[in-house]
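A.B. asks: Modelling step: build the complete structure from the supplied sequences, incorporating the hints.
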Amino acid sequence: MIQLFNVFKSYGGVSPALDGVTLTIHKGDFVYLTGPSGAGKTTLLKILFRRERLDRGQVLVHGFNVGKLDDSRLYQLRRKIGVVFQDYKLLPRKTVFQNVAFAQEVIGVDRKTVKAHTWQALKEVGLTQKRNAYPPELSGGEQQRVAIARALVNRPSILLADEPTGNLDPAMAAEILALFEQANRNGVTVVLATHNQELLRAGRYPVITLNRGRVVES
Amino acid sequence: MRALFQFLNNVLGATAHNLKANRQVFLVSVATITVALSILGLFLLVFSNLKSMMSTWDRQVQLIVYLDDDVSEDQKSKLRALFEGHPEVEEVAFTSREEAWENFRHSFSGGADFIQDLDFNPLPGSFHMRFKSSPDRLDKIKDFAQVLNKQPGVESLEYGEKWVARFEKFMIFIQVFLLAVGGLLCLGLILIISNTIKLSYYSRQDEIELMRLIGATNRYIRTPFLLEGVCVGFFGAVASLALLKAMHYYIQLRFQESLDFLTRGVVIQFLPFSWSVSMVVVSMAVGLMGSYYSIHQFLESGDRQ
Numbered sequence: 001m002i003q004l005f006n007v008f009k010s011y012g013g014v015s016p017a018l019d020g021v022t023l024t025i026h027k028g029d030f031v032y033l034t035g036p037s038g039a040g041k042t043t044l045l046k047i048l049f050r051r052e053r054l055d056r057g058q059v060l061v062h063g064f065n066v067g068k069l070d071d072s073r074l075y076q077l078r079r080k081i082g083v084v085f086q087d088y089k090l091l092p093r094k095t096v097f098q099n100v101a102f103a104q105e106v107i108g109v110d111r112k113t114v115k116a117h118t119w120q121a122l123k124e125v126g127l128t129q130k131r132n133a134y135p136p137e138l139s140g141g142e143q144q145r146v147a148i149a150r151a152l153v154n155r156p157s158i159l160l161a162d163e164p165t166g167n168l169d170p171a172m173a174a175e176i177l178a179l180f181e182q183a184n185r186n187g188v189t190v191v192l193a194t195h196n197q198e199l200l201r202a203g204r205y206p207v208i209t210l211n212r213g214r215v216v217e218s
Numbered sequence: 219m220r221a222l223f224q225f226l227n228n229v230l231g232a233t234a235h236n237l238k239a240n241r242q243v244f245l246v247s248v249a250t251i252t253v254a255l256s257i258l259g260l261f262l263l264v265f266s267n268l269k270s271m272m273s274t275w276d277r278q279v280q281l282i283v284y285l286d287d288d289v290s291e292d293q294k295s296k297l298r299a300l301f302e303g304h305p306e307v308e309e310v311a312f313t314s315r316e317e318a319w320e321n322f323r324h325s326f327s328g329g330a331d332f333i334q335d336l337d338f339n340p341l342p343g344s345f346h347m348r349f350k351s352s353p354d355r356l357d358k359i360k361d362f363a364q365v366l367n368k369q370p371g372v373e374s375l376e377y378g379e380k381w382v383a384r385f386e387k388f389m390i391f392i393q394v395f396l397l398a399v400g401g402l403l404c405l406g407l408i409l410i411i412s413n414t415i416k417l418s419y420y421s422r423q424d425e426i427e428l429m430r431l432i433g434a435t436n437r438y439i440r441t442p443f444l445l446e447g448v449c450v451g452f453f454g455a456v457a458s459l460a461l462l463k464a465m466h467y468y469i470q471l472r473f474q475e476s477l478d479f480l481t482r483g484v485v486i487q488f489l490p491f492s493w494s495v496s497m498v499v500v501s502m503a504v505g506l507m508g509s510y511y512s513i514h515q516f517l518e519s520g521d522r523q
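Chains U and G, in that order, give the protein sequences. Per my numbering, the first sequence starts with residue 1, numbered consecutively. Per my numbering, the second sequence starts with residue 219, numbered consecutively.
None of these hints come from the bench; they were simulated from the model. Since we're looking at a predicted model, the values are computed, not measured. By construction, the Cβ of each residue, glycine as well, lies at the ideal position given by its N, Cα and C atoms. Hints should not be assumed to be uniformly reliable.
Okay, the calculated beta carbon distance ranges per label pair [to be verified]:
hint, chain 1, residue 1, chain 2, residue 2, range
1, G, Leu226, U, His26, 35 to 45 Å
2, G, Gln423, U, Ser72, 18 to 28 Å
3, G, Arg472, U, Arg93, 50 to 60 Å
4, G, Phe491, U, Thr128, 53 to 63 Å
5, U, Gly126, G, Ala239, 46 to 56 Å
6, G, Ala221, U, Ser72, 12 to 22 Å
C.D. replies: Laid out in structure tokens, this is it:
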């Protein structure tokens with residue numbers, strides 16, 4: 001499902017962001033990606049959905065050779081991947097419902113299906129009551145749940161999340177984690193970048209640890 | 219088919235949303251284009267009227283053959299036969315020396331005394347010929363004049379060739395001038411519209427970035443912006459035509475009479491319909507080019523990331 005071989009990425013600094021990363025994540029896995037700030041977690045996630053280009057190496061995601069993927073086919077890769085961004089990337093002038101529906105509209109899903117799927121996604125994250133609210137009116141946890149609903153609404157094969165519990169209290173973090181676990185039970189491969197020691201200590205899922213762009217533990 | 223309908227529905231919705239969200243920028247762009255196209259349209263208006271005046275004058279062009287004072291009756295008959303035998307000659311009229319002198323004295327009846335007191339007739343007899351209407355009438359007159367020049371009994375010829383040629387040159391200059399001004403204005407409009415689209419893009423940058431990350435195709439992202447550019451071009455052209463029509467109405471109302479001596483009864487016309495349509499089409503094409511130019515740059519730079 002996800003394979004990286006000797007991946008190298010530099011932003012021109014003293015040390016590279018990723019330095020010879022090699023790893024494999026199988027279909028249906030739930031994996032934590034961890035490491036100190038600047039270890040390369042976000043860069044690695046960004047390379048998986050080609051938000052960043054790699055300098056060297058091979059990346060295979062869901063059958064796509066990411067490094068060699070033509071720009072005109074990039075959308076095909078991205079439709080297989082749901083991403084929960086660290087800053088949520090919700091559109092402030094759209095309602096919760098419109099934010100989730102937006103993800104389907106832009107890939108050409110018909111209006112009737114959009115409505116049904118959006119409702120279902122909001123139900124799964126427990127936000128149907130807030131469907132007409134605007135993101136700035138929501139708490140951090142609620143915004144995170146909208147972002148998860150949006151990432152899952154197109155039924156992706158892979159779900160990438162960058163620090164999804166970073167700003168949340170432990171109770172809320174547990175609730176959010178439960179949503180990822182639910183998605184994983186539905187067959188979605190989950191890669192979750194986190195600093196959250198409580199989640200890691202629970203020891204329920206494999207952990208890939210990065211440091212200075214290298215995999216130090218897997 | 220259903221997917222296409224869905225696509226159109228979505229992009230039209232996005233275009234309407236863009237226009238609504240950037241109403242002010244849109245209106246300023248339309249106003250700028252209106253002014254720019256009105257300048258071009260004004261030149262076109264003058265040009266089209268000069269052209270129609272030119273064709274009126276052209277219709278009035280006649281070949282005048284002045285005869286030698288000692289031309290014989292036989293030579294005159296031969297010349298008349300030559301004129302009447304020419305397939306392009308529509309009408310031939312003869313003015314004798316006496317008639318010419320009489321007409322001249324009549325025209326200057328209130329004029330200088332020395333004309334009235336002149337005791338000899340200085341004017342020659344002449345043939346006046348009108349030619350059938352055709353686009354190359356002037357060329358035909360020129361050709362025929364060359365033949366006539368060599369005929370016995372012919373003193374000189376006149377068909378206003380100098381001023382017609384001068385006017386033709388002037389019209390060519392106007393055409394080149396219009397082409398240059400039109401080209402420069404189009405370039406300017408492309409930049410203006412490109413800027414409008416850039417502003418529109420910036421105002422929706424987050425949304426577009428998200429669309430790209432979610433997996434929208436470039437075509438889906440690009441189309442609403444292209445339509446926006448086309449709309450700016452369309453409304454700008456229509457508004458400029460309305461402005462030109464109002465100017466035309468005003469000029470006709472206030473100046474038609476005083477311009478009659480110049481136009482010789484030709485009414486000042488508005489732009490021909492085909493020209494008006496062309497202005498709208500060109501403006502829309504310019505809008506499309508301007509928006510394509512800017513959105514292409516953004517999408518290219520986004521893909522390179």
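A.B. asks: With reference to the structure, classify each hint as holding or not holding.
C.D. replies: For each hint, the structure was consulted:
no. : hint                            : verdict
1   : G:Leu226 - U:His26: 35 to 45 Å  : holds (41 Å)
2   : G:Gln423 - U:Ser72: 18 to 28 Å  : holds (22 Å)
3   : G:Arg472 - U:Arg93: 50 to 60 Å  : holds (51 Å)
4   : G:Phe491 - U:Thr128: 53 to 63 Å : holds (57 Å)
5   : U:Gly126 - G:Ala239: 46 to 56 Å : violated (31 Å)
6   : G:Ala221 - U:Ser72: 12 to 22 Å  : holds (18 Å)
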